[in-house]
Every structure is written in C-alpha cells, then in structure tokens.
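Go by the hints and put chain Z onto chain G.
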Amino acid sequence: MVQKIRRFYDQEGNEITEEEWLELVPELRGESEVVEQEITGFNRVLVETPSLARKVELRIGGEKTEPEEVEARDDSLLVTLPRFLFTEEDSVEIQFECIPFLNSTVFEAFVSGLAGSWQRVDPDPAVKSATTVALPALAEEERLISNLKIEPRTITPDGDGVNDIMNVRFTVVKVSKPRQVSVKIYSLGGDLVRTVYSQAGTTGNYSGITWDGKDSSGHRVIPGLYLCVIKVSGDAGIKTVNKTISVAY
Amino acid sequence: MSKWLWIFSMVLILIFSTAVGAQVRTTAFQPEGLHVIVGAIEPALRKWYIPQELYSEFGWEQWRYTNYAKDIYRRYTNIGLEGYRYYDIYGQYITKGWKVYDWSQDMPKDFGSAVFKSPKFSKWFDNVLVSSTRKGQYYTALTVGNEIRTTLTPLTFSKPTFNGVQLDFLSDKYAATVLTSRANQAGTVLSKDTSPPEAMTNFTNFVGLRGVVQIGRFASVGATYVNAHIGHSRMDWADYSLKGQLSTWQNATRVLEITIKLSDDSPEDGEAGAMLFQESIYIDGRKADITPVIKGGILREGHWEANGDMELLLVYNLSGWAYVDDQGILRDISSFKRVTFKLVLANDYKVEITSNAQRDEKGEEIFLPVTRAPGNVKDATNMKEVVFDYGLPTANQIYGLTFELKDLAGFSLRTEYDINTRYRRFPNPNPDIREHSLASDKSNAWYVTLQKLAHPWYAYAEAFSMDPDYSTTMYLTGLQGEVYYDNKYRYWFEFVDDNDDQDRWPDWRRKGSNQMASSDAERGIDIIGGGVFPGYDENNDLVPDFNQNWNYWPDYEEPFLRHTVDPPEYLFGMDMNNNTVVDRFENDEEPDYPFKKDHRGYNAYVGVEALPGVKFTAGHLREWTLSTDKRSEANYVLFTLERSFPGVGILRVFNNLKIVRDNIPDDLVQWQQLPGTRAGMVAFTDPLVCQNTRVNSAYVDFNYVGIDRLTFINKFKYDSYVQRKPQLNLRGYSDLLGVISKASYRLTPTKGMTFEPRIKGMFLRKRPFGKREPEQKDLWILPSLINRIPLFEYGLLESGLEYTVYRDLAERPDIEDFNNLVFAVQFSNASSYMGYKITSKVGFRQSIQYLTRGGRRTSSTIFVQIFAGVE
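Chains G and Z, in that order, give the protein sequences.
Following my numbering, the numbering of the first sequence begins with 1 at its first residue and continues without gaps.
Following my numbering, the numbering of the second sequence begins with 1 at its first residue and continues without gaps.
Just chain G, with the same shape it has in the complex:
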C-alpha cells in the first residue's frame, strides 16, 4: 500500500524528525518534502480450517476487538479487521473453535491489504510444528467413526410432520483415502431393510443422512426395534457402530 509522508531535513541535508525541525530557528531549517512510501499492512486474515469455525474472537495488541466482519465456511475463516495494521508491534490473535479430523492438521493463514492479493503467514521457525495441530488421541483410537448422533432415536413416520424423519450425523476419522462409508438399517433378525447411504468418502463430517422409516421398496416398516449400522471399510479393518432405533406409529 502506498502512503504519503513528509520528510524533514537540516541545512546539511540530513534527515531529522519533525520535532527537531520545528525546534530549529527558521534560518537553520532545511527543506521538507512530501514523498510516497510503500508500506506493508493488512486488514484481512484468512485461515484455512478443516471444518466450520465457531466462537471467533479477535485480539489486536492483546486487546479484545470486535472484527468488522467474520465469514466462516466449511474449509476457511475470513476475518476483516476494524483497521489496517502496519507496524511490527501490532499482534493479531484470532481464537476460534473447529473440528480437525486428521492428525497433524496444518492451519495455513494468509493476510491481505489489497483486494485479491494474499500473502501467506510463515510459521515461527523456532517453534516446532507451529501451525500444526496434533491429535495424539487419534493414534490411541481404533475407531474410525465418532460423534455419532441419531435424532430422534424413535421416529413416528406417520406423515404428521412430527418425528417423521431420522437424522444421522457422524464423523469419520483417520481415513485419508476414499473408502466405502455406509449407513444401513437392519431388522433385529439381521435382514437388511434399507441402505440409507453408501458412498466412498474420507475423513470428515457426515450429515444430512436421513431415514424416513421406509424399506427399500418404499413401504413403511412395521413398528419395532431396528438397528442402524454405520460402517467404514478401511484397509486396516472394517469398523462399525451399531445403534438401536425404534419405529412407532
């Protein structure tokens, strides 16, 4: 960014500060001139995130500040600062919450002062893995499926608009290459009632999977208990999570 500033000189042509220049008697003052100077500064910060960021807070120079704008997406967080920051003494701290799915998730950050021009923020070389978040708990986990939520657990698919649809949400972890992820409904006798979801997928949040209480032929199932089986076919083994659900009318 370009900024106009005034420079002050003494009679010998040495640059001095404005205060020093004003202290001199006019006969001893040198020239003063306005020059254009390129300055580094930014007012926007973009952070790549593995999932939607929430609870975003901004601090500038250690003081909590309200950002001008916050735009959170599934893969990034864009924070517009209330003003340009130019000097090295200013520090910007952005706090937020999101769910990483991979061990050693790297958070890349970029700053911009001009529209369309982004500069990457380099991590502090003195700090080991400064922009990498490790998830050591993942290494201890054998599960590939976590955060499973089935709501409601009992559905009444009678078309009255209340609990007609069951929503299934879960997170797949540790799967770095597309592998078969499926959600199936089984009867207690082990018969497959309906394949609700079956696609190749990797680590991430899985939501928007629903079951309307119908079997694969489109008929409503009889009331009773059923089994919702979420399965991920990884190379190291097939992992499944089973939850009982019920259908009532």
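Hint data in this document are derived by calculation from the structure and do not stem from the laboratory.
Be a bit skeptical, because a hint or two may be false.
Derived DSS-like pairs (lysine-lysine); straight-line CA-CA distance at most 30 angstroms [said to hold, decoys possible]:
| # | chain 1 | residue 1 | chain 2 | residue 2 |
| --- | --- | --- | --- | --- |
| 1 | Z | Lys384 | G | Lys243 |
| 2 | Z | Lys342 | Z | Lys452 |
| 3 | Z | Lys96 | Z | Lys192 |
| 4 | Z | Lys615 | G | Lys184 |
| 5 | Z | Lys597 | Z | Lys742 |
| 6 | Z | Lys406 | Z | Lys615 |
| 7 | G | Lys239 | Z | Lys342 |
| 8 | G | Lys177 | Z | Lys771 |
| 9 | G | Lys239 | Z | Lys442 |
| 10 | G | Lys177 | Z | Lys630 |
| 11 | Z | Lys725 | Z | Lys751 |
| 12 | Z | Lys742 | G | Lys239 |
| 13 | Z | Lys384 | G | Lys177 |
| 14 | G | Lys149 | Z | Lys384 |
| 15 | Z | Lys725 | Z | Lys596 |
| 16 | Z | Lys123 | Z | Lys96 |
| 17 | Z | Lys630 | Z | Lys725 |
| 18 | G | Lys177 | Z | Lys192 |
| 19 | Z | Lys442 | Z | Lys384 |
| 20 | Z | Lys841 | Z | Lys777 |
| 21 | Z | Lys342 | Z | Lys243 |
| 22 | G | Lys231 | Z | Lys243 |
| 23 | G | Lys177 | Z | Lys342 |
| 24 | Z | Lys597 | G | Lys239 |
| 25 | Z | Lys442 | Z | Lys615 |
| 26 | G | Lys239 | Z | Lys630 |
| 27 | G | Lys231 | Z | Lys384 |
| 28 | Z | Lys135 | Z | Lys406 |
| 29 | G | Lys177 | G | Lys239 |
| 30 | Z | Lys771 | Z | Lys384 |
Listed below are several chain G residues computed to face chain Z (Cβ distance under 10 angstroms; list not exhaustive) [to be verified]:
| # | residue |
| --- | --- |
| 31 | Val106 |
| 32 | Ala134 |
| 33 | Arg179 |
| 34 | Ser182 |
| 35 | Gly237 |
Some chain Z residues flagged as far from chain G (calculated, every beta-carbon gap over 12 angstroms) [claimed, not checked]:
| # | residue |
| --- | --- |
| 36 | Arg134 |
| 37 | Ser195 |
| 38 | Phe277 |
| 39 | Ser280 |
| 40 | Leu343 |
Since the model is a prediction, treat every value here as computed from it, not as a measurement.
All residues carry an ideal CB built from backbone N, CA and C; glycine is no exception.
Coordinates of chain Z only, in the frame set by chain G:
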C-alpha cells in the same frame, strides 16, 4: 658296655627300619598333601634322599654300586604314555589318562570363558565323545561333538551339525535334553595336550532344554526352551543374565546420535509408504526437547511421508541435552540409561534404527529392524503410536509347548506354540551403570496338524501362523566382543538351519568349520558347483542324480546316458505355492521351519481310496502374508492311481486340478546346470502366473515288464494354465506337453556278451507364460546300440553307437535342426592292486553333428582313466 651296645643297636634298628619302611611305603593317589615321614626323622648329618621315582620304579639307589651284568639294564620309559592323574573338585581321584574336553567359565575374571579340546578329541575320537549309562529303563548320555545332529522342535532348534554338548535322559515316559555351547567359539581342537585352553572374555552362550512326558499310550506333551545370549566374564555372577549383557565392545561406545529410518514396507507399489505424524524422544523417562534433523521423505499436509524407494531419516543428537533428576543432580549424556521413542505412524511403514554405536567393519552405520506395519494399509486407518526403546541386541530366547497325539481312534495331532523374545540393552560405558536398561520385542509362531485315517477315507487339516519377526538367529561376539550385525557369515548363529536338501551340512554359510555346505573340501568330494539340490539326490550319494558322473554335462544331454535319464521338465509333483517349481525340489535361504515366516493360513483336504491304489482327494487352502497384503487361495482335487499289473507292468496316473488366486511371491535359489558350464545356485523369481488361474497338471507313466529283458517306459505329462481373467503380459492359455517313450532290449548271444539296441523318443511342446516368449516344440529321436564283449578274465570291450535326430517343430529362427552321430568304444579292465580294485578304461568317442541347413561339427575324445575302488 652292654647298655651302650643295646642303645647303639636300637638306634641302628631304628634307622634301618625307618629307612626300609620309607622304601616300602605304598604311594596313595588321593590328594592328601605331604606327610610326616617318621623314617626321615634321624639326627644324622649325612645327607640322604627320600626314595622316589628312581627307587620305586627302577630300584636304583644313589649310593649303591650298579652293575648290569646280571640284571640287564632297563631303560627309562615315558610315564606320560599312560597319561596323567586327574582329580575332581572334591579331590576325588578320577582316572589316569588325559583330559580331552573341558569347558569352564570363571567370573569375574578376564578371559574367564575357556574351552579346552585336546588333540586326542579329534585324533582318537573323531570329534565325538559319548559318556552314557543306564539303569533298568532309565538311560542317560552325555555327547560332546563338533557336528551333532540334533533337533528339539522344528520351530525352535534343529541343526545337522551342532557344535556343543548334549545331555539326554530317557525313560519309558519321560525324556529330557539339555543342549549347551559357547556358540561364538565352541572350541577348536588344540595342537598339544599342554596347550592352554581357548579363553575369551566375551562370549555368546547357547542353552537349550526340552522335556517330553508321555501321557497314556497315545499322547505326549513337551516343553522347550532355547536361549542364546551375550555376556562377558568380567562381570559378577550376580549380573549374569539369560537376557544377555552387553559385550565389552558393545558397551565401549557412548551413544551420541541415534538415527531412525522410516521407509515403505511395500516399495513395489510406490505409494502409501510410511506416514509420520508426530515424533518424540524420552530420555530416562523424561521428554527431551530434541528436534531431530529430518532428511529425505516429503512433507505433505503437516506430516512426513516416505513412499516407494524413499527413506525418511530422523537424526537425534543426544549430546547437547541434560536434565536435573529427582535428587537435583544434573544428568547429561554420560549418565543416560534409557532412550525411548514414540512415533505416530500410519500406512505401510517400516522402522529401522541405528546409532554411532552400531557400525559395520568399515565404520558405516548398520540399521537394525524395529517394527513393520501389518498388511499394506494405504488409507491411514492403522494410525497408531509406536513406542520402542533403543538398545543393542543381547539375547534371543524362545519357549514353547508341544502336544502330540498318535493314532488315537485314527486321529493324529501335532501342535506347537512358541513365543520368541529378543532382548536389547542401552549401552553406556559409565562404570557406575551396572544394570543396563533392558527392552524386548515379542513374536510368536504356532501350527496344528490333524490327520484322520478311517480306511478308505482319510482327512488332513493344518493351520499355522508365523509372525514376520519370529527369529531363531542370534549374534555372535568376536574375540574383542565385537559384533558386526550385517556379517551373517561370521557373526550370526542359527537355532534352526537352512537344510533343504536334508544332508549333513547346512545350506548356508555361517561361522564354524562344520557350516560350510558349499565347501568342496568339507564334503570330501569335488562336486561340481558344490550346490544344494533338494530332491535331486534320491540315492543319497551327495551327487545330483542328473549328473551322476560329475562332469560338465547333465546326463540328460550326454550321449548314451540320455537314454535312461530324462530332463527335469518331465518330472511331476505338487506345487502348493504355485511358483511352477515342484515343492520337493525347492531351495531357499530361510530356516527350515515347517511353514513360512510371515505367513498365516490353513489347508484341509479329504480323500478316499476308492480302489486299491486309486485315490481321490479334494481340498481347500488359504494363506496370507502378515506384513504385506498378499494372499493365496486354492480349491484343488487330486487323483492318483498306482497299479501294478503282474506280468504286464506298473501304471501310475496323477492329475491335480486347482483353481488358484495367488499373488504371494515364492522366490527360490535353485541348482542349475547348463551344458558345458559348472553348476551353480541361480536365483529364481516366482513368475506369479497363478493370480486367478485354473491349473491342471496331469502325469501318466507306464513301465511295461511283460517281455523278459525288454524295458519299455512311457511317460506323459501335461500342465495347463488358464487365466480366468486377462493378465497383462501373460498368455490366456499356457501349457507344457511332454511325451517320452523309450525301449531297450538286451540280447546275450553268448555268455558275458550283451547286445542292447535302444530307442528313445521325446516330444516337448511348451507355450510359455509370457506373451512375448516364443513357443517351443521339440522332437528328439535317439536310437542307440550298446555292445559288450568280455575279453580276458575281467576285461570288457564296449562299443556304442547313438544317433540323434532333433527337430525344432516350432521353427524358431535361432534354433537349427540337426542329426547327430556318436560312436564310442572303450576297453575296460578290473583287477586288484595293493588292496584296491583298479578299474581302467581306455577309449575313444567321436561325435558328428549334421546341421540340416548345412554344415557339420565334429568332436572327438580319447581317454585313459583309472579308478581305485574299495568295493
């Protein structure tokens, strides 16, 4: 006067009697030290000497005049000719003779491990000593030898040439064995009886134990323990451990830098090798903020990868780090006791480790394996924290159980389960550290075989699992305690040898003069190639059956011999691992376990003998590798027929049909001899032609014996491979068709004279596996005639004529048809000479080859040969 005379007489008697008593005193050989000799108590100034050897052996008295006119002079004899007297640790007299063998270990003491083998051990006893005894049904024997063939179990200990000590006990229900040896140097036969023993400070000792208990009539249970460990005699007995101690050389170097290498355990697929997410190092239980220097690999999305041939090195420099312990004392590298690494890894990783204390003879770093990822995971779903301590190997130990059931209601069962533990310790030359931190890795192996016989039905099932890290190898120390881990010829000791040809020598070279299977001198015969040829020596004369006359020509290519010897392509056998080589001819460079390491699986078949000699068998096998992602699966049926038709002949029919999916490479090292070359061991790579294939192998042979003196043999072989799915570079249909028909008739016009016309026809058609390999279609017709005419008493004039017609029916451009005529004549004689049977042969052979495109090649040989035989 008389009183003085009496006193004087008494004194004389006393002197004389004591002197005589001293002379006639019998020598006792018990170590009793010296005694007070009453007879020597004489207050005389005259010097006299206690009678010893000269008096007791020869009656010689120094002061007495010697005259040999009547009593002829007897010369001195060497009293050592009958040996020396020996005593045990209790002072008990053992025997008069020679010490032949002695192994002792004194600690703490420099050169405390000593083995003495007298020259008589070799000259008198030919390197084997047996001390045995029995009482009733109890037997025991102690065997000391350089080449003891001994087995505890096939998974724990089996060597045809064990150099050490074996103590056995046997009764009707119990059996026990103790094996022991100083494995790094079990004892060289010394040049003299008075030579000092072979003493060393550093050693690798081996101990093996096995006990078996018979339960009832049919069952037996056994337990086995084998252990080889490093130690040195400078330490106290209290510090001696079966988990081993570091040798003086291993502990001489302070560990300053440790390097971990991460690589792809399946580099051939070029992807999804090692993924490293986090690393951390702990020293003495404390997390050390040591950042490794990372070399190689690629950084991708916050983690490191090493795929294909890449190597990722993590170099940790320990020298700059220190900590304050609980007592407030600063601990630096001179007092580190334990270094632990924690790595978060995923995918198909292989981890190896080295340090500045782990070098080869040239001073370069040697990596030793730490762990490998099971299977071949490519999607990071096997992410885990791998934790291990750094250390140098100090011991290898296996313990296990066996159970055997013999013929109980037709069932026979054999099972074995073993746990292998490999120990290592962290070296630090700091003398204040006596107990070096110990770490270990475990793996196991087991198998079960079950057989049921209920005539005419039979069934067999086997299941097994062999961990990839299961090891029966331990390192040996050198004279200075050095261990060079990559030098298997000098520094490796094997509990289970590789001996695929089941002869008296192991197939691989390891330390020890009894380990050189490829040494012609050790075998005592100048065998061509000196190789290993399992299954090719049916007559056990240590000579390959395809080259019985030990020359540079395989017998199936050599004139006259090729009538009776057929090429190996016409052999039939089972190929359960689908590498196109019959299993009984396979040779590898692995220990002879009953199942392959890094494999798990099962096999079962059931069959019936529908008619005498006619069997149908059907089975299923499934096998997979543990550290990679390979598998083998087959359904098979086998038909066998062996019938003898009296007065007609013997018919054998075999057919093996199987549907196979096998991508496990079963590479070999095979004995091979091409004409005009020395035989040698050639690497064979499994062509992997049965990845989804229908394979049929058929064999028929018929030996007609209906006419006296007529030999008529026919062989038919047909192998086909049908690819059920198109394979790149493989023909959809490959086969091998071989037919041999040969006959000979021996005429004896007069006594001793024989006239034998022969004819042999061979046809071989081969459609190779590779699409680009040309087809082969060979026809051989070999009529020949052998005559033998006796001359003189033991002389024989033999002549032979052989005509060969070869036609390349596939018309390959680089192969030329030919006809070949071989004429040979020889005169042989057998006679006795100086106790040997001398057989002489003088003869001439000429071969003329007529090429169908024109040209002729002639070769001639004149020979004079003499053999000295003992038959």
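Right, here's what the structure says about each hint:
1. Lys384/Z - Lys243/G: OK: Lys384/Z and Lys243/G at ~26 angstroms, within 30 angstroms.
2. Lys342/Z - Lys452/Z: violated (50 angstroms)
3. Lys96/Z - Lys192/Z: holds (18 angstroms)
4. Lys615/Z - Lys184/G: Since the Cα atoms of Lys615/Z and Lys184/G sit roughly 49 angstroms apart, the hinted pair is violated (cutoff 30 angstroms).
5. Lys597/Z - Lys742/Z: violated (44 angstroms)
6. Lys406/Z - Lys615/Z: Answer holds: Lys406/Z to Lys615/Z is near 23 angstroms, not above 30 angstroms.
7. Lys239/G - Lys342/Z: holds (25 angstroms)
8. Lys177/G - Lys771/Z: Outside the cut-off at roughly 35 angstroms; violated.
9. Lys239/G - Lys442/Z: Holds, at roughly 27 angstroms.
10. Lys177/G - Lys630/Z: holds (20 angstroms)
11. Lys725/Z - Lys751/Z: violated (65 angstroms)
12. Lys742/Z - Lys239/G: With a Cα-Cα distance of about 64 angstroms, the restraint between Lys742/Z and Lys239/G is violated, given a limit of 30 angstroms.
13. Lys384/Z - Lys177/G: Holds - the C-alpha atoms of Lys177/G and Lys384/Z are around 17 angstroms apart, at most 30 angstroms.
14. Lys149/G - Lys384/Z: Roughly 26 angstroms separates the two Cα atoms, so the pair holds.
15. Lys725/Z - Lys596/Z: holds (28 angstroms)
16. Lys123/Z - Lys96/Z: Roughly 19 angstroms separates the two Cα atoms, so the pair holds.
17. Lys630/Z - Lys725/Z: holds (18 angstroms)
18. Lys177/G - Lys192/Z: Not OK: Lys177/G and Lys192/Z at ~72 angstroms, beyond 30 angstroms, violated.
19. Lys442/Z - Lys384/Z: Roughly 18 angstroms between the alpha carbons, so the hint for Lys442/Z and Lys384/Z holds.
20. Lys841/Z - Lys777/Z: Status violated; Cα separation ~38 angstroms.
21. Lys342/Z - Lys243/Z: holds (24 angstroms)
22. Lys231/G - Lys243/Z: With a Cα-Cα distance of about 45 angstroms, the restraint between Lys231/G and Lys243/Z is violated, given a limit of 30 angstroms.
23. Lys177/G - Lys342/Z: holds (25 angstroms)
24. Lys597/Z - Lys239/G: The hint holds at about 28 angstroms.
25. Lys442/Z - Lys615/Z: Distance ~44 angstroms between Lys442/Z and Lys615/Z Cα, so the pair is violated.
26. Lys239/G - Lys630/Z: holds (21 angstroms)
27. Lys231/G - Lys384/Z: With a Cα-Cα distance of about 20 angstroms, the restraint between Lys231/G and Lys384/Z holds, given a limit of 30 angstroms.
28. Lys135/Z - Lys406/Z: Between Lys135/Z and Lys406/Z the Cα gap is close to 28 angstroms, so the pair holds against 30 angstroms.
29. Lys177/G - Lys239/G: holds (15 angstroms)
30. Lys771/Z - Lys384/Z: violated (44 angstroms)
31. Val106: holds (4 angstroms)
32. Ala134: Given a least distance of 5 angstroms, the restraint on Ala134/G holds.
33. Arg179: At about 6 angstroms, which falls below the 10 angstroms cut-off, the nearest Cβ of chain Z leaves the hint on Arg179/G intact, so it holds.
34. Ser182: Given a least distance of 15 angstroms, the restraint on Ser182/G is violated.
35. Gly237: holds (7 angstroms)
36. Arg134: holds (58 angstroms)
37. Ser195: Nearest chain G Cβ is 60 angstroms from Ser195/Z, so the label holds.
38. Phe277: violated (4 angstroms)
39. Ser280: violated (9 angstroms)
40. Leu343: violated (9 angstroms)
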